[in-house]
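Chemist: The residues making up each chain are set out below.
Protein chains: 2
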Amino acid sequence: MIERLAIVGVGLLGGSVAKAVRAHALAREIVGIGRDLTRLGPALRDGALDHVTTDLADGVAGADRILLAAPVLANETLLQRVWQAAPAGAVLTDVGSTKRGIAAAADRLAAGRSEIHFVGSHPMAGSEKSGYAVARPDLFQGATVVVTPTESSDSAAAKGVGEFWAALGARVVVLDPAAHDRAVAAISHLPHVAAWALVDAVARFEPDALSIAARGFKDTTRIAASDPDVWREILLDNRDALRGGLAAFRRALDDLEALVASGDGAGLTAFLARMKTVRERLS
Amino acid sequence: MIERLAIVGVGLLGGSVAKAVRAHALAREIVGIGRDLTRLGPALRDGALDHVTTDLADGVAGADRILLAAPVLANETLLQRVWQAAPAGAVLTDVGSTKRGIAAAADRLAAGRSEIHFVGSHPMAGSEKSGYAVARPDLFQGATVVVTPTESSDSAAAKGVGEFWAALGARVVVLDPAAHDRAVAAISHLPHVAAWALVDAVARFEPDALSIAARGFKDTTRIAASDPDVWREILLDNRDALRGGLAAFRRALDDLEALVASGDGAGLTAFLARMKTVRERLS
Numbered sequence: 006m007i008e009r010l011a012i013v014g015v016g017l018l019g020g021s022v023a024k025a026v027r028a029h030a031l032a033r034e035i036v037g038i039g040r041d042l043t044r045l046g047p048a049l050r051d052g053a054l055d056h057v058t059t060d061l062a063d064g065v066a067g068a069d070r071i072l073l074a075a076p077v078l079a080n081e082t083l084l085q086r087v088w089q090a091a092p093a094g095a096v097l098t099d100v101g102s103t104k105r106g107i108a109a110a111a112d113r114l115a116a117g118r119s120e121i122h123f124v125g126s127h128p129m130a131g132s133e134k135s136g137y138a139v140a141r142p143d144l145f146q147g148a149t150v151v152v153t154p155t156e157s158s159d160s161a162a163a164k165g166v167g168e169f170w171a172a173l174g175a176r177v178v179v180l181d182p183a184a185h186d187r188a189v190a191a192i193s194h195l196p197h198v199a200a201w202a203l204v205d206a207v208a209r210f211e212p213d214a215l216s217i218a219a220r221g222f223k224d225t226t227r228i229a230a231s232d233p234d235v236w237r238e239i240l241l242d243n244r245d246a247l248r249g250g251l252a253a254f255r256r257a258l259d260d261l262e263a264l265v266a267s268g269d270g271a272g273l274t275a276f277l278a279r280m281k282t283v284r285e286r287l288s
Numbered sequence: 006m007i008e009r010l011a012i013v014g015v016g017l018l019g020g021s022v023a024k025a026v027r028a029h030a031l032a033r034e035i036v037g038i039g040r041d042l043t044r045l046g047p048a049l050r051d052g053a054l055d056h057v058t059t060d061l062a063d064g065v066a067g068a069d070r071i072l073l074a075a076p077v078l079a080n081e082t083l084l085q086r087v088w089q090a091a092p093a094g095a096v097l098t099d100v101g102s103t104k105r106g107i108a109a110a111a112d113r114l115a116a117g118r119s120e121i122h123f124v125g126s127h128p129m130a131g132s133e134k135s136g137y138a139v140a141r142p143d144l145f146q147g148a149t150v151v152v153t154p155t156e157s158s159d160s161a162a163a164k165g166v167g168e169f170w171a172a173l174g175a176r177v178v179v180l181d182p183a184a185h186d187r188a189v190a191a192i193s194h195l196p197h198v199a200a201w202a203l204v205d206a207v208a209r210f211e212p213d214a215l216s217i218a219a220r221g222f223k224d225t226t227r228i229a230a231s232d233p234d235v236w237r238e239i240l241l242d243n244r245d246a247l248r249g250g251l252a253a254f255r256r257a258l259d260d261l262e263a264l265v266a267s268g269d270g271a272g273l274t275a276f277l278a279r280m281k282t283v284r285e286r287l288s
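Chains A and B are the protein sequences, given in the same order. To get my numbering, take the position in the first sequence, counting from 1, and add 5. To get my numbering, take the position in the second sequence, counting from 1, and add 5.
In isolation and in its complexed conformation, chain A is listed as follows (with noise of 0.2 Å):
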């Protein structure tokens, strides 16, 4: 059971904590922290958070969980002020999307105040909607959850923050921080630079057949009305994996024109085969 759990920005991820953690009875007490007061009151109200406040170091005084759930650059800068004002023992996560930098400033950190403990996580159940608003108690049940410690995290917390994520419903993915920064490049950065991309095209090239497209238009785009201020950071920190990850997708794209445009029957059959095999093995 946890004493005291301190979460770090209660939007639609730091809010599923708060109410999963509630709806599982997993801790005694839940605090709130938030930069603005009146934005925490509905958390407050329906009962996901026991206190809230606006000073962080009241808010981490005292817990021995604490959850970093503003946006991934953010998070960074708080865990400096975090990792001063939490009791010795604290244990501390994150629900960010790119995990080297925070990785790195937690060894850094520990360097110089070892009794607290950090282990990464990036719990797989985004959405392009955003806010307390759309937090749900069911939101890591069934998600992919990836926990990514490093060589010199404390073996007892990457084990109990596993542990957390599982007791919320998650499946539990353990990676270190560059290899999960490689596999959302290609699996969730990608796919966001595709999506914003097909609607800057459609909008730049052909505006008016926006008001024809179809679920699959839909489908393929959702993604690319995700938060703005969350989703620059997440670029921008992990730009060097995502490079990586356009530079095949441009190779697949020239590779598929190639077909298309030589006429080549067979092999674009072929092609789109592959795709298809591989896409369904996902369900």
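Please note: incorrect hints may appear among the correct ones.
Note: identical chains are not told apart, hence a pair may lie in one copy or across any two.
Okay, derived cross-link-like pairs now, PhoX-like style, lysine-lysine, Cα gap no bigger than 25 Å in a straight line [as the list claims (entries may be wrong)]:
1) Lys281 to Lys134
2) Lys281 to Lys223
3) Lys134 to Lys164
Hints are computed from structural coordinates only; laboratory data are not their basis. Since this is a predicted model, take the numbers as computed values, not measurements.
For chain A, the structure is supplied; the task is to place chain B on it using the hints.
Modeler: Quick look at chain B alone, frame taken from chain A:
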């Protein structure tokens, strides 16, 4: 009331038309025409069709309304045979995803036998699934159907084809064949190419990442599981319009990547915010 509706190709779209026409009691008799009698069996047994045949001339004899629902290039080939076998006054339409080719073929055939009328249709209600097993009587309810008369189309026939789809619950949009083909290159063919390229890029660049793929990747690539034979024909038939769409898509990718590479946070936020606005207008 249609006296005798002949449907050439009873898969997802042809089968859904049969079921919808039956449900709305729009035709006295529905004939299904296919290459394989055993595959027509289910639609005959469940009452969507009254007769089935593998003989095209026999199937369209006596039909006042004929629907071509085979893959696009097959429809163009079949059109000539249907034109010869159809009774005078018959109104022909199709459900193909490209429209210039079949419209030009129909204009040529009408020069020889002007008492047959063709007006193309494209129901924007496909799926990555195919075959009669996934046909539904409500497939066109609320869907957009683009009807594509040419300057030489019979106006009563064009009106009749539009009213037919409207009676099945569709929103009918009228475009000339060239405008249609440019529009679907943008909002349908280009997203398919992007989805296939995404799957290919991840499968080549970071195959292990597929195991943590979440809803974002799955939605963005759902259409990568579309039927290879159907899509080979669409891509080849509309290759010139697709080339324009791909060029616009590559420019959008370049612009986005340049913002990320240069670390232009403000420019990136503005780009993503603009895309969010465009995408959210589609609901």
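Chemist: Run every hint past the structure and note whether it holds.
Modeler: Comparing the hints with the structure gives:
1. Lys281 to Lys134: between (29 Å within a copy, 11 Å between copies)
2. Lys281 to Lys223: both (19 Å within a copy, 12 Å between copies)
3. Lys134 to Lys164: Classified as neither: same-chain Cα gap 31 Å, cross-chain 42 Å, threshold 25 Å.
Violated hint: 3 only; the structure is consistent with all others.
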